[in-house]
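Please work from the sequences and hints to get the whole structure.
Numbered by the numbering used here, the letters in the sequence shown go through residues -10 to 428 in order.
FYI, nobody ran anything at the bench for these hints, they're computed from the structure. The model shown is predicted, which means the values in this text are computed figures rather than measured ones. Misleading hints may appear alongside valid ones.
Unchecked claim - FRET-style restraints, in silico, Cβ to Cβ:
| no. | residue 1 | residue 2 | range |
| --- | --- | --- | --- |
| 1 | Trp(-4) | Lys284 | 56 to 66 Å |
| 2 | Val5 | Lys284 | 53 to 63 Å |
| 3 | Trp28 | Leu77 | 40 to 50 Å |
For each residue, glycine too, the CB sits at the ideal point set by N, CA and C.
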Amino acid sequence: MNWKQEWKPLTIIIAVFAACYWLPVDWLQASRRVENALWESLHLVKWYAQEHVLLCLVPAFFIAGAVGVFVSQAAVMKYLGPKASKPLAYGVASVSGTILAVCSCTILPLFAGIYRMGAGLGPASAFLYSGPAINILAIVLTGAVLGPEMGLARAVGAVTFAIVIGLLMHLIFRQEELAKIDAAAAMPEPEVARPLWQNGLYFASMVGILVFANWGKPADPVGLWHVLYEGKWIITSLFSLALAAILVAWFQVGLVRMLVAALPVVFLALAFPEQPILAFVAGFLGLSVLTANGKDEEGELQEWFSTSWDFAKKILPLLFWGVLVAGALLGRPDHEGLIPSGWIAGLVGGNSLWANLFASVVGAFMYFATLTEVPILQGLIGAGMGKGPALALLLAGPALSLPNMLVIRSVMGTKKTVVFVGLVIIMATISGLLYGAIF
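Below, the structure written as structure tokens:
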């Protein structure tokens, strides 16, 4: 018998046996924790479907599909590939979150799009981390609620993390990156269907829809952020009109077809102004019909829909199961899953290595919607959480989650995913230790 091949199933059998042997059935039954975990998983899935699938993921799928169709592979390789200028590639990737303001799941279709188009592993990893981590509104809210030093530490740490993690991923897997360089050298110069400025405005309109449709409510009811929040749907509508005009003018979508698709959107917006999501959904349904039945000569519109749908088919099931498991284990804010919140609060006090590491690991696996990490941390700090572990959770939490990890693995494989997650956890732990020692 070859034990080198049998150690994996043996380890699994021993682990399952140990779990069954010491299964705390009496405690679980007395506390009704299994029943609560089931309901928490369903509550989290419902909340995720209501708050994130329609407003976040659907626009992100269309943007990712557009990257695959309207951005040439040679262009991606030129600006984000292994041979690209390092200051340009890492600079753009590391600050993308200030523009996107998305959560750890919404960034996934965009990351998958640029990575599969040939972006270097380093810049793609920097983009994957920075997208949800460097949310300017979340950083401002962190400073307002948890103190300016915490807000500044989060901002500096997130940008630094993105660059360092990207560079380390590039160095660790540099042999694969060298193969990409050879492929880029043999790639012919692409034919340009339309000028760069037209494609730039096209993508800007879609990113504007994604950003402002998800603009979170600030804690302070005055100021610029609050004004933007109050007018978020008006701004989203303006970006939608811009996208419609661009599709008619430059993408061969007929004016009559666009007007027909827009009629339900206008009707729902006027009839139900208190429920703007109805008009939002109607708009993307109309866009789906227009692109799926595109009449352009090159077939770009149909290809756009097909690519976007392909991302949705691959990513949504993984996110569903990931959110379900995360809800069962950790629950929602103020609601417990299988793991008691008291255990977590008791393990992250002080500034020990263990407290920071534990906070980083919990943050990495727990799902945080955009901006929710701040009130959660406020409660944990009130329960005795140290400042170092608080920063560690802030740097690891918003950028990662269990659903996020499942999708990353499907895009770049198990080995790269484990390294990426490990780098985030290690750097968050070290940052927490340093911050806790200073403050």
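Now for the hints, and whether the structure bears them out:
| no. | hint | result |
| --- | --- | --- |
| 1 | Trp(-4) to Lys284: 56 to 66 Å | 59 Å, holds |
| 2 | Val5 to Lys284: 53 to 63 Å | 57 Å, holds |
| 3 | Trp28 to Leu77: 40 to 50 Å | 49 Å, holds |
In the structure shown, no violation is registered for any of the earlier numbered hints.
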